[in-house]
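Colleague: In case you want the letters, here they are:
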Amino acid sequence: MTHRNDRSLRVGALARVEGEGAMHVRVDGTTVTDVRLQIYEPPRFFEAFLRGRGHVEPPDITARICGICPVAYQMSACLAIEDACGVQVSEPIAELRRLLYCGEWVASHALHVYMLHAPDFLGYPGVVEMARDHRGAVERGLALKKAGNAILELVGGRAIHPINVRVGGFYHAPSIAELRALARDTLRPALDHALATVEWVAGFPFPDFTVGHELLALVDPQRYPIDRGEPRTSTGRSFPVRDFERHVVETQVPHSTALHARLADAGRYLTGPLARYALNHAVLSPLARQAATAAGLGERCENPFRSIVVRAVEIVYALDEALRLVEAYQPPEPSSLQVPARPASGYGATEAPRGVLFHRYEIDGDGTIRSARIVPPTAQNQPSIEDDLRRFVQDRLQLDDEQLTAQCEQAIRNYDPCISCATHFLDLTVERT
Amino acid sequence: MAKPKLAVWKFASCDGCQLTLLDCEDELLPLAEHVEIAHFLEASSAVVEGPYDVSLVEGSVTTEADVERIHRIREQSGMLVTIGACANAGGVQALRNFADVEEFRSVVYARPEYVATLEHSTPISAHVRVDLELPGCPIDRRQLIGVLTAVLAGRRPGLPVHSVCQECKLRGTTCVTVARGIPCLGPVTRAGCGALCPAYGRGCYGCFGPMAQPNTAAMVASMRNLGMSPQDTARVFRTFHAAKPEFQAAAEQGEAG
Chain A
0 MTHRNDRSLR VGALARVEGE GAMHVRVDGT TVTDVRLQIY EPPRFFEAFL
50 RGRGHVEPPD ITARICGICP VAYQMSACLA IEDACGVQVS EPIAELRRLL
100 YCGEWVASHA LHVYMLHAPD FLGYPGVVEM ARDHRGAVER GLALKKAGNA
150 ILELVGGRAI HPINVRVGGF YHAPSIAELR ALARDTLRPA LDHALATVEW
200 VAGFPFPDFT VGHELLALVD PQRYPIDRGE PRTSTGRSFP VRDFERHVVE
250 TQVPHSTALH ARLADAGRYL TGPLARYALN HAVLSPLARQ AATAAGLGER
300 CENPFRSIVV RAVEIVYALD EALRLVEAYQ PPEPSSLQVP ARPASGYGAT
350 EAPRGVLFHR YEIDGDGTIR SARIVPPTAQ NQPSIEDDLR RFVQDRLQLD
400 DEQLTAQCEQ AIRNYDPCIS CATHFLDLTV ERT
Chain B
105 MAKPKLAVWK FASCDGCQLT LLDCEDELLP LAEHVEIAHF LEASSAVVEG
155 PYDVSLVEGS VTTEADVERI HRIREQSGML VTIGACANAG GVQALRNFAD
205 VEEFRSVVYA RPEYVATLEH STPISAHVRV DLELPGCPID RRQLIGVLTA
255 VLAGRRPGLP VHSVCQECKL RGTTCVTVAR GIPCLGPVTR AGCGALCPAY
305 GRGCYGCFGP MAQPNTAAMV ASMRNLGMSP QDTARVFRTF HAAKPEFQAA
355 AEQGEAG
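Residue numbers (my numbering), protein chains in the order written: chain A, 0 to 432; chain B, 105 to 361.
In short, the hints are calculated from the structure, not lab data.
These numbers were taken from a predicted model, which means no experiment stands behind them.
Yeah, the Cβ is synthetic: ideal placement off N, Cα and C, and Gly gets one too.
Don't take each hint at face value.
Where chain A lies over chain B, by a calculated footprint (3+ residues, C-beta under 8 Å) [stated by the list, open to error]:
#1 172 to 179
#2 190 to 203
#3 267 to 280
Pair by pair, the computed Cβ-Cβ distance ranges are [claimed, not checked]:
#4 A:Arg-395 with B:Ala-203: 56 to 62 Å
#5 A:Gly-122 with B:Pro-349: 31 to 37 Å
#6 A:Val-248 with B:Gly-331: 42 to 48 Å
#7 B:Gln-317 with A:Asp-386: 54 to 60 Å
#8 B:Arg-173 with A:Ala-263: 36 to 42 Å
Going by beta-carbon spacing under 10 Å, a handful of chain B positions derived as facing chain A [claimed, not checked]:
#9 Leu-133
#10 Val-211
#11 Pro-242
Hey, can you work out the whole structure from these sequences and the hints?
Modeller: Following this line, the structure appears as C-alpha cells:
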C-alpha cells in the first residue's frame, strides 16, 4: 500500500538538445526526492591534451568542443591568450570579432528557437513535422539561421569551426564592399524576420512557472555583452575575469561527466539569456528594447519557458548590432597583431549564446601551454536546472508519466543545454517509489 | 513506394557534423520530402524503429557502451556513412591515444573513478564495416548534399581524393607557400573544403585529413625549410587526424627533425 503512490520517471535519450544526456526523477509518495540531470556524453579531455600545445593553437582546438558555438570558444581562448601575453587588440579588430560573434548568436538562437524549442510549444516532435502546418514560420526561421551563417561564412570562412580567427586578430579582413552587400542583401531582410519572430513566440502558451535564481552575466558598459565584459551577479557583486575561479567553484557529481559550478558565496545560479537580459536590458538597442517591451518582457524575465522570447529579442539585437558594425566598418590594418609568448597566466570570458564561457591558460616563455581551464555555460546551469525541475515536477505530480515526461523535456530545453560543451544530455527517468 | 529511411547517430564529438545537415537551410525541407528522417535526436523526438536505409554516424568510439551501440547500428543499417574526422579517424580526442588516459582523467576530474572511458578514441571503421567516409572537421555541406543525392538516385557518390592544391588552382588562389612562404598542408590534405584557408591567406591545417597516397616526407621537409621547428611540424599533423596512419607517420617524421 505504501508503494502505491511511489513513482519513478525516466526520460531516455533526450531529443532536441546538443549532446547526450538523460534525466532521472524520483518521487517518494507525494514528494520529489531526487532530480538528476545525467550527462553521459563521453569526456573528450580537452583541458588535458591542451597541455604541451603551442599558445596560438587554442582557438582552432577549443572550437572543436562545440559545433554550435565554436566562435564563443575561439573568442574566449583568444582573449585569455592575449591577456597572458599582455596584448590588447585594436578596436577595429575587436569590432570585427563582435560582428563574427553576432553571426553565431543569430545562427545558434535561430536553431534553438525554431528547430529545438518551438516544436514543444506547438506540439510537434520536430521542425520537419512542424513545417507541414507552419511552413511560413519554419522558412522564416531557416532564413534567419542562414543569415547568421552568412556572417560566419564571410567573416569566419565557414559557419562551423571558422578558419579565419587567430590569436591577435584575423588572417584576412573582409572588404567594405563585401560587408555592405551582406548587410543589404541578407541582414536587413533578416531583421524583419527577427522582429516577426519576437511577435510569434510572444504568443506561445507559457506554463505558469517562475524561478528566482541568482544570475551571472557579463556587463560591458554602454552595450549588450557579447565579446567582452566583467562578470556581475544579480545581487550586484562584480569581479574581474581573472578572479572567476575564486568566485565560481566547480565540483563533480557521480551522475554526470559535466562538472557542476556554484558561486562560492551564493550557491547555484543561472547564466545565459535570462541573466544577460536582466542585467543588461537597459543597453539593448532601441529597436530590440522596443521589441522586448511589445512582447511583454519587463525588467527581468523569471519564467524560464519565456526564455524563447528573450532569445528572439537577442536575435533582433544581434542583427541590429551587426548592421551597425557593418555601417561603421573600416578594415583593421593590420588584420592581426603579433602576440609573442611570455611566461604568464591569462584569463578570458565572453557571452556564448548559452551564457558566460570562461577560459584560463598558463603558458611558458616559449609559448608551451602548461595548464588550461574551461568553464562552459551548461556546467554552470546544471545545478539550477535540477533545482527548477524538482519544483516543476512537485507541482505537476497529478499528471501521468507520459505527460509529465514530455513537460520535463520541454522544461529542460528552456535552458538550451549544450551537452557537448558541458562534457567536455537527455534520457529522462522519473522514479516514483 | 516508401521513402528511404535516414538515421543520424552521435558518438564522442562536437555535434558540428550533424549540425551541417540542419545548416542545409535551402535543402532541408525538400530533402524531407524524399527521405523519412527516422532517427535524428538533435532535430526530433520522434523515433522510427529500424532498419534504416542510410545511417550517418558522427563521433568516435570512446566507451565500452559505444562499442556495443555501433554494432547494433551497423546491424540495422543498409548503408553506413561516417561523417567527419571523429568518426573517420578518432578526432581531436584521439590525442589521448598518445598519452596516459588515467592521467588525463585526473587532470580534468577530481573524482576520476566516476568517469567511464576507454584508453583510445577509435574510428567507427575499427569496429564495424563502413561504406563511405565523408571527410572534414567539420564535413562540407555541399559534399553532404552530394552524397545524399547520389544515394537517393542509387549511384555511387564520388568524393575527391586529390589534394587541396588542386582546389586552390581551380579557385585561382595564389599559392601561399610559393608567394608568401607560409607553411601549408594543402599538398597532402584531401580536397573538399574548397581550399578555404589559403583563400583567407592562411596555410591549410589539414582538417580534411590525408589525401590518397600523400607525400608526407616531402611535406615535412618543406615545412622544416620554411623554418618550422620539429615540435611545431609534429603538432600540425597531430591535431584533428592524429590517429590517421598517414598523419601519424608524418608527425613522427616531423618530430625526428
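Colleague: With a C-beta cutoff of 8 Å, work out whether three or more residues of the segment 190 to 203 of chain B approach chain A closely enough for the coverage to hold.
Modeller: With 6 residues in contact (Cβ-Cβ under 8 Å with chain A), the coverage given for the segment 190 to 203 of chain B holds.
Colleague: Would the hint on Leu-133 (chain B) stand, with a C-beta cut-off of 10 Å toward chain A?
Modeller: holds, 6 Å
Colleague: Is the gap between the beta carbons of Arg-395 (chain A) and Ala-203 (chain B) within 56 to 62 Å?
Modeller: With Cβ atoms ~47 Å apart, the hint is violated.
Colleague: Taking 8 Å as the C-beta cutoff, is the stated coverage of the segment 172 to 179 of chain B by chain A satisfied by three or more residues?
Modeller: Violated - the segment 172 to 179 of chain B has 0 residues with a Cβ nearer than 8 Å to chain A, which falls short of three.
Colleague: Taking the Cβ atom of Arg-173 (chain B) and the Cβ atom of Ala-263 (chain A), is their distance within the range 36 to 42 Å?
Modeller: holds, 39 Å
Colleague: Does the beta carbon distance between Gln-317 (chain B) and Asp-386 (chain A) stay inside 54 to 60 Å, or does it fall outside?
Modeller: holds, 57 Å
Colleague: Okay, Val-248 (chain A) versus Gly-331 (chain B) on CB: inside 42 to 48 Å?
Modeller: For Val-248 (chain A) and Gly-331 (chain B) the Cβ distance comes to about 44 Å; the hint holds.
Colleague: Take the C-beta atom of Gly-122 (chain A) and the C-beta atom of Pro-349 (chain B), compute their distance, and say whether it sits inside 31 to 37 Å.
Modeller: violated, 50 Å
Colleague: Holds or violated: is the Cβ of Val-211 (chain B) closer than 10 Å to a Cβ in chain A?
Modeller: holds, 4 Å
Colleague: Have a go at the Pro-242 (chain B) hint: is there a Cβ in chain A nearer than 10 Å to its own Cβ?
Modeller: holds, 4 Å
Colleague: Just to make sure I understand the rule, a stretch counts as covered if three or more of its residues have a C-beta closer than 8 Å to a C-beta of the chain. Does the segment 267 to 280 of chain B meet that for chain A?
Modeller: violated (count 0)
Checked against the numbered hints above, the structure breaks hints 1, 3, 4, 5 and satisfies the rest.
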